[in-house]
Amino acid sequence: MAKPIAVYNDVHKSFGDVEVLKGIDLEIAPAEKVALIGPSGSGKTTIIRMLMTLEQPTSGTIVVDGQYLWHMEKNGELVPANEKHLRQVRGDIGMVFQHFNLFPHMSILENCMVAPINVKGVPKKEARERSVEMLEKVGLGDKLDDYPSQLSGGQKQRVAMARALVMRPKIMLFDEVTSALDPELVGEVLEVIRDIAKEGEMAMVLVTHEMDFARDIADRVVFLDEGRIAEQGTPEQVLENSESERLNSFLSRFRS
Amino acid sequence: MKGINITITVLIASAILSYLVAFIAGFGRLSNNIFIRKFTGFYVEVFRGTSLIVQLFWFYYALPGLFDIHLASDFWAAVIAIAMNYGAYMSEIVRGSILSVAKGQREAATALNMSRFQRMRLVILPQAVRMMLPEFGNYLIQMLKATSLVSLVGLTDILYHGDIFRSTHLSLAPTVYILILVFYFILALPLIWLTRWAEKQSSKGVASE
Ligand SMILES: Nc1ncnc2c1ncn2[C@@H]1O[C@H](COP(=O)(O)OP(=O)(O)OP(=O)(O)O)[C@@H](O)[C@H]1O
Ligand SMILES: [Mg+2]
Chain A
1366 MAKPIAVYND VHKSFGDVEV LKGIDLEIAP AEKVALIGPS GSGKTTIIRM LMTLEQPTSG
1426 TIVVDGQYLW HMEKNGELVP ANEKHLRQVR GDIGMVFQHF NLFPHMSILE NCMVAPINVK
1486 GVPKKEARER SVEMLEKVGL GDKLDDYPSQ LSGGQKQRVA MARALVMRPK IMLFDEVTSA
1546 LDPELVGEVL EVIRDIAKEG EMAMVLVTHE MDFARDIADR VVFLDEGRIA EQGTPEQVLE
1606 NSESERLNSF LSRFRS
Chain B
66 MKGINITITV LIASAILSYL VAFIAGFGRL SNNIFIRKFT GFYVEVFRGT SLIVQLFWFY
126 YALPGLFDIH LASDFWAAVI AIAMNYGAYM SEIVRGSILS VAKGQREAAT ALNMSRFQRM
186 RLVILPQAVR MMLPEFGNYL IQMLKATSLV SLVGLTDILY HGDIFRSTHL SLAPTVYILI
246 LVFYFILALP LIWLTRWAEK QSSKGVASE
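As you go down the protein sequences, you meet chains A and B in turn. First residue of the first sequence: 1366, per our numbering; consecutive thereafter. First residue of the second sequence: 66, per our numbering; consecutive thereafter.
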């Protein structure tokens, strides 16, 4: 396996007295597509939020592209990272949220352009070209000047993906990106993710309840149960041929 | 009618200064530094907890008498009193609006790797300001009304001139006060419109939970 793009080493996370992640060890290879499944409350969101630096691990380390994420090395010791260090490492990571979180005071195009210009110093003209190209790719080339409030949920989520992609992350995180959508809009969003996945070079971690979709695009499926990785393997291994009772009873809820 | 220009200049100067104070104190109360937070909190409580007229007299009489501090002129004493008072109230609006921008907005900005300052400038503040505008407008109207207090420390605003005129033309007293009422209302009208407009603006382009 090539040098992993992200590594979790014995990562624990507690909220108050409640330990929600109880020692996560996970490696994600460059360009690998990982589907994260598990019952509600098992800690899926928390795992990817820690990688996005939105939640700090209680203990353990996360390494992104060879660099500690939440720590820095100082005189041979690991000390908590400062904001500057976080900014430097988190540039490799992008995320799409369940509730889109588009900036409501900006047009669709501005939503996509604001970060490349301000964060990466991309010239305005180039940022615009990249954004338009990306919005066209997600099928919204005709909505550039619309505001988020004028769009359907599915369109909003596609903008959110374009916005994250314009930053060219090495890993993209998806947190149940279709679960806030009306059923008839789920397809268009999954279609876009499928296209992105096909292009290849970016690693993807997808928290999802869409099992058919997971089977379709994932290289590996990870089953999380009560804060631990309980099973992992290829989609066939995990989704079809597992012996685990917990896993099978979880999966049976998705079979109609 | 004389005095209108005083009323208007006091209003404009106090408005600008009070918005400035409101932002400084509002951010102060959100600061990571506990001393700044406590200090601005203390300021806000003191100025909200005492009446404007007492503060006005304080700036006008007590400060020069007690500490030999002379604010540049009567005009500025009045303006600073009004600005500090309304700034204290409006700092709560600044703080509240910033806090009420949805958490997801901050997180999305972080996910795009914006710095703390960029998150505030590009994402939080533009939305928070939209929420502040209508409240700011309401306070502006109140500030207009509060400017009439400056006649008590000898500034020659509308009310002051009205009073003088009445004391020399006693029979016209009711007419004078009706006129003053009308003047204040005419001055307030554009502010009321402004506030309505701000309310419309603020209903667009804000995500809050
Ligand atoms: N900020 C927080 N404060 C306190 N508890 C939290 C917080 N965030 C998550 N939790 C708790 O941690 C546990 C794991 O939450 P998490 O959101 O990671 O689960 P999940 O697997 O994503 O679940 P779901 O499928 O419902 O989204 C839950 O019990 C949740 O209540
Ligand atoms: Mg979740």
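Treat the hints as calculated values from the structure; they're not laboratory data. Careful, some of the hints might be misleading.
As the list claims (entries may be wrong) - Here are the simulated BS3-like pairs of lysine-lysine, each with C-alpha atoms no more than 25 Å apart in a straight line:
hint, chain 1, residue 1, chain 2, residue 2
1, A, K1449, A, K1439
2, A, K1508, B, K103
3, A, K1449, B, K265
4, B, K168, B, K67
5, A, K1485, A, K1502
6, A, K1387, A, K1449
7, A, K1368, A, K1508
8, B, K168, A, K1485
9, A, K1489, A, K1439
What the hints assert, rightly or not - Some chain B residues flagged as far from chain A (calculated, every beta-carbon gap over 12 Å):
hint, residue
10, V166
11, L177
12, M179
13, V194
14, E200
15, Y242
16, I251
Glycine included, every Cβ here is placed at the ideal spot set by N, Cα and C.
(message) I'd like to know which numbered hints this structure contradicts. Please list them from smallest to largest.
(response) 2, 3, 4, 6, 7, 9, 10, 11, 12, 13
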